[in-house]
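Using the sequences and the accompanying hints, generate a full structural model.
As a plain string of letters, each chain reads:
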Amino acid sequence: MDALILSVRLAACVSLILLLIGMPLAYWLAYWNWRGKFLLEAVVALPLVLPPTVLGFYVLIALGPHGPIGKISEILFHRGLAFTFGGLVFASVLYSLPFTVQPLIASFEGMDRRLLDASALLGASRFRTFAKVILPLSLPGIVTAVVLSFAHTLGEFGVVLMVGGNLPGITRTASIDIYDRVQSMEYAAANRMALVLLIVSFVVLSTVYGVNRRIGRRVWASWAAR
Amino acid sequence: MGLVGSEINPPLLAARLRKARSGRTRSSFALDVAIEIPPGITIVFGRSGAGKSTLLDCIAGLLKPDTGRIEIAGEVLLDVDRRIDVPPAKRKIAYVFQSLALFPQMTVEQNVAYGLADMPASERVLRVNSMLEAFRVEQLAKRKADEISGGEQQRVALARSLATSPRVLLLDEPLTALDEGLKKSIMEDLRRWNAAQNIPILYVTHSRAEVDAVGEGVIVLEQGKIISTGRPHEVLDAPRSSALAQASGFDNLFSGVVTELREADGVMRVQLVRGACEIETPLGYAVVGTAVRLAIRAGDILLATERPYGLSARNVIAGRIISLEQRGTMFVAKVAADADGAVVFTVHLTLGAKRALELEVNQPVWLVIKTHSCHVLEDAKIV
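From first to last, the protein sequence lines stand for chains A and B. Quick note on my numbering: the first sequence kicks off at 417 and runs consecutively. Quick note on my numbering: the second sequence kicks off at 20 and runs consecutively.
Since the hints were made in silico from the structure, they are not lab data. Hints are supplied without guarantee of correctness; some may be wrong.
No farther apart than 30 angstroms at their CA atoms in a straight line, the calculated lysine-lysine pairs in the DSBU-like style are these [as the list claims (entries may be wrong)]:
| # | chain 1 | residue 1 | chain 2 | residue 2 |
| --- | --- | --- | --- | --- |
| 1 | B | Lys-161 | B | Lys-203 |
| 2 | A | Lys-548 | B | Lys-111 |
| 3 | B | Lys-202 | B | Lys-161 |
| 4 | B | Lys-83 | B | Lys-111 |
| 5 | B | Lys-163 | B | Lys-203 |
| 6 | B | Lys-109 | B | Lys-161 |
| 7 | A | Lys-548 | B | Lys-109 |
| 8 | B | Lys-244 | B | Lys-83 |
| 9 | B | Lys-111 | B | Lys-202 |
| 10 | B | Lys-161 | A | Lys-548 |
| 11 | A | Lys-453 | A | Lys-548 |
| 12 | B | Lys-163 | A | Lys-548 |
| 13 | B | Lys-163 | B | Lys-111 |
| 14 | B | Lys-389 | B | Lys-373 |
| 15 | A | Lys-548 | B | Lys-83 |
| 16 | B | Lys-353 | B | Lys-389 |
| 17 | A | Lys-453 | B | Lys-83 |
| 18 | B | Lys-163 | B | Lys-202 |
| 19 | B | Lys-109 | A | Lys-453 |
| 20 | B | Lys-109 | B | Lys-163 |
Derived coverage of chain B by chain A (criterion: at least 3 residues anywhere in the stretch with Cβ under 8 angstroms from a Cβ of chain A; other residues may be distant) [what the hints assert, rightly or not]:
| # | region |
| --- | --- |
| 21 | 124 to 135 |
| 22 | 176 to 189 |
Sample of chain A residues facing chain B (criterion: CB under 10 angstroms; computed from the structure) [unchecked claim]:
| # | residue |
| --- | --- |
| 23 | Ala-536 |
| 24 | Leu-537 |
| 25 | Ala-540 |
| 26 | Arg-542 |
| 27 | Arg-544 |
| 28 | Val-549 |
| 29 | Leu-553 |
| 30 | Leu-555 |
| 31 | Glu-602 |
| 32 | Ala-606 |
All C-beta atoms in this analysis are idealised placements derived from N, C-alpha and C, irrespective of residue type, glycine included.
This is the structure in structure tokens:
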């Protein structure tokens, strides 16, 4: 059970951090046009195609005592990040980045530009336009982004294994726990954990998609009616 | 370029703009205009794609012109040469889009209060209420903006943009989708509001009917250029170019050659290029042999089922109906002239007239056209 709680805690931390990073990043990618933009888009999408072990390997090196992030952590907290919960969060944020940013970009890009123009002409700053117009109208996209990054983090395996190892209560997530039990032929225990993960994932996804659909209907029905 | 009225009221909005159009549309013309707009409603009239919305977007600051200068009451909002470009949020220009762009997740009240964030709360409530009253939507204050009718949304959009006490109001085909009664009542409310505020209002439309209904100064835009300005009836009833003629409801456009000048009578005779039809028109700056274009409104042509006698109208042409088509509450008849079947006139008839004359396809008829209903256009190079 510890492993499952750890997984949920990790997924919650990661999706919260990703929401905070993803919003400005998606806003930037959706509304700004600059020459090198395609490069950043490619970087954001990279975890979609990269094998988790490749990402995990480089993150491990970066977090290690000789890596740049590891060094910064040593200076700030007098300890490294490899094989810690913090390191796991860092790696998972990178790994789930596209699952937050893509739905947000799609949602921001789908906004009626005239609404943004209207807001500006009524004297609103960019920030006010974002808070009062873009954010409430992007609610379905935001919910999708949070759910996808949460579910994706909950189910990740390769990156966690590379960066976190298998320390009970610290980095031993549900998926690692299942793998571990299968390796030691504890099929009944593996099945219990796998079933719980399956049910939790399904319930979370279906609840939030259901809510999302209702919000979506309310917001978009008005546009269809015009 | 001064408009009627600019002598009485100092021009408040002055703009000189040039912007090359890119991408989206096939047309490759540049918007190139200089306008001075006095307080009151000025119509910008032109066909779709003439550059009307581009003009409004440039004035509002949503598009940046290649070169130009915009000022309101002496304050410079844009001067490309001096690198002055006040952002839209600080221009104090109200703009009602064709789509209205009300915030759908907010109530009517919240929409109208949106531009008043800097105002103290007590004052804001008063302003919102007075705007809702002025545009007669106070009973909708708590309703969601996407739950009210099109006409109501129109009123809310006006109230929202005018609540901020703008210096200029831009309207982009705001009433196109509404029926006549609603249009009239909304225009009355807008006029009443502006009687006190007296700001310049630019009203963009492609509909001739709206130009007549609003009926103040008009600027005609064609391919990004101003081709005419003045009062609607002066500008649109006597068009000087084929493009304007077509835009303002002249369905009959013919090429012809001047065959005779009768200066004493103030008329000339024009032979249509195709065939033997000859038409008497008012005297223009032309000599015999000049190629001209003639424009005749479909509604200015009479039909007779027998050859008419004792008429003042000078043009009576025998023809045959080749098609009859009902369009709303009128009939559109195409009549081929007997002298040459290639010359086809378009005639508008009321339902009653069509019934009374028992008109049918293939029936012989006579077309009756007054001399002064035949407008000679300038763009065929009158020497």
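A quick look at each hint next to the structure:
Taking the CA atoms of Lys-161/B and Lys-203/B, the gap is near 26 angstroms; set against the 30 angstroms cutoff, the hint holds. Note on Lys-548/A and Lys-111/B: the hinted pairing holds, with a Cα-Cα distance of about 20 angstroms set against a maximum of 30 angstroms. At roughly 24 angstroms between alpha-carbon atoms, Lys-202/B and Lys-161/B fall within 30 angstroms of each other, so this suggested pair holds. Simply put, Lys-83/B and Lys-111/B have alpha-carbon atoms about 17 angstroms apart, close enough for the 30 angstroms limit, and the pair holds.
Between Lys-163/B and Lys-203/B the CA atoms are separated by roughly 25 angstroms; this keeps the pair inside 30 angstroms, and the hint holds. Restraint check for Lys-109/B and Lys-161/B: the C-alpha separation of about 29 angstroms stays at or below 30 angstroms, so the hint holds. A C-alpha spacing of about 18 angstroms is found between Lys-548/A and Lys-109/B, which places the hinted pair at or below 30 angstroms, so the restraint holds. Proposed proximity of Lys-244/B and Lys-83/B is supported: the alpha carbons are some 18 angstroms apart, at most 30 angstroms.
Taking the CA atoms of Lys-111/B and Lys-202/B, the gap is about 26 angstroms. The hint holds against a cut of 30 angstroms. A C-alpha spacing of about 18 angstroms is found between Lys-161/B and Lys-548/A, which places the hinted pair at or below 30 angstroms, so the restraint holds. Between Lys-453/A and Lys-548/A the alpha-carbon distance is near 26 angstroms, which keeps this suggested pair within the 30 angstroms criterion. Using a Cα cut-off of 30 angstroms, the hinted pair Lys-163/B and Lys-548/A holds, with the two alpha carbons roughly 15 angstroms apart.
Distance check on the hinted pair: Lys-163/B and Lys-111/B sit about 26 angstroms apart at the alpha-carbon level, within 30 angstroms; holds. Using a Cα cut-off of 30 angstroms, the hinted pair Lys-389/B and Lys-373/B holds, with the two alpha carbons roughly 21 angstroms apart. Only pairs whose Cα atoms come within 30 angstroms are accepted, and Lys-548/A paired with Lys-83/B is accepted, the gap being roughly 26 angstroms. Using a Cα cut-off of 30 angstroms, the hinted pair Lys-353/B and Lys-389/B holds, with the two alpha carbons roughly 18 angstroms apart.
Restraint check for Lys-453/A and Lys-83/B: satisfied, since their Cα atoms lie roughly 22 angstroms apart, inside the 30 angstroms limit. Between Lys-163/B and Lys-202/B the alpha-carbon distance is near 23 angstroms, which keeps this suggested pair within the 30 angstroms criterion. Between the alpha carbons of Lys-109/B and Lys-453/A the distance comes to roughly 29 angstroms, so the proposed pair stays at or under 30 angstroms and holds. A C-alpha spacing of about 28 angstroms is found between Lys-109/B and Lys-163/B, which places the hinted pair at or below 30 angstroms, so the restraint holds.
Residues of the region 124 to 135 of chain B lying with their CB closer than 8 angstroms to a CB of chain A number 3, which satisfies the three-residue condition for coverage. Requiring three or more residues with a Cβ within less than 8 angstroms of a Cβ of chain A, the coverage given for the region 176 to 189 of chain B holds, as 3 such residues are present. Evaluation of the Ala-536/A hint against chain B yields a held restraint, the C-beta minimum of about 5 angstroms falling below 10 angstroms. Of the supplied interface hints, the one on Leu-537/A holds, with its beta-carbon coming within about 5 angstroms of a beta-carbon of chain B, less than 10 angstroms.
With its C-beta approaching chain B no nearer than about 6 angstroms, Ala-540/A sits inside the 10 angstroms limit, and its interface hint holds. Evaluation of the Arg-542/A hint against chain B yields a held restraint, the C-beta minimum of about 9 angstroms falling below 10 angstroms. Given hint, Arg-544/A at the interface with chain B, holds; its Cβ is 7 angstroms from that chain's nearest Cβ, closer than 10 angstroms. Taken as an interface hint, Val-549/A checks out: its beta carbon lies about 6 angstroms from the nearest beta carbon of chain B, inside 10 angstroms.
Interface restraint check for Leu-553/A: the shortest CB-CB distance to chain B comes to about 6 angstroms, inside 10 angstroms, so the restraint holds. Against a cut-off of 10 angstroms between C-beta atoms, the interface hint on Leu-555/A holds, since the closest Cβ of chain B lies about 9 angstroms away. Annotation: Glu-602/A was flagged as interfacial toward chain B, and the flag is violated, the nearest CB pair being 52 angstroms apart, outside 10 angstroms. Checking Ala-606/A against chain B by beta carbon gives a least distance of about 47 angstroms; that is not within 10 angstroms, so the hint is violated.
Hints 31 and 32 from the earlier list are contradicted by this structure; the remaining hints agree with it.
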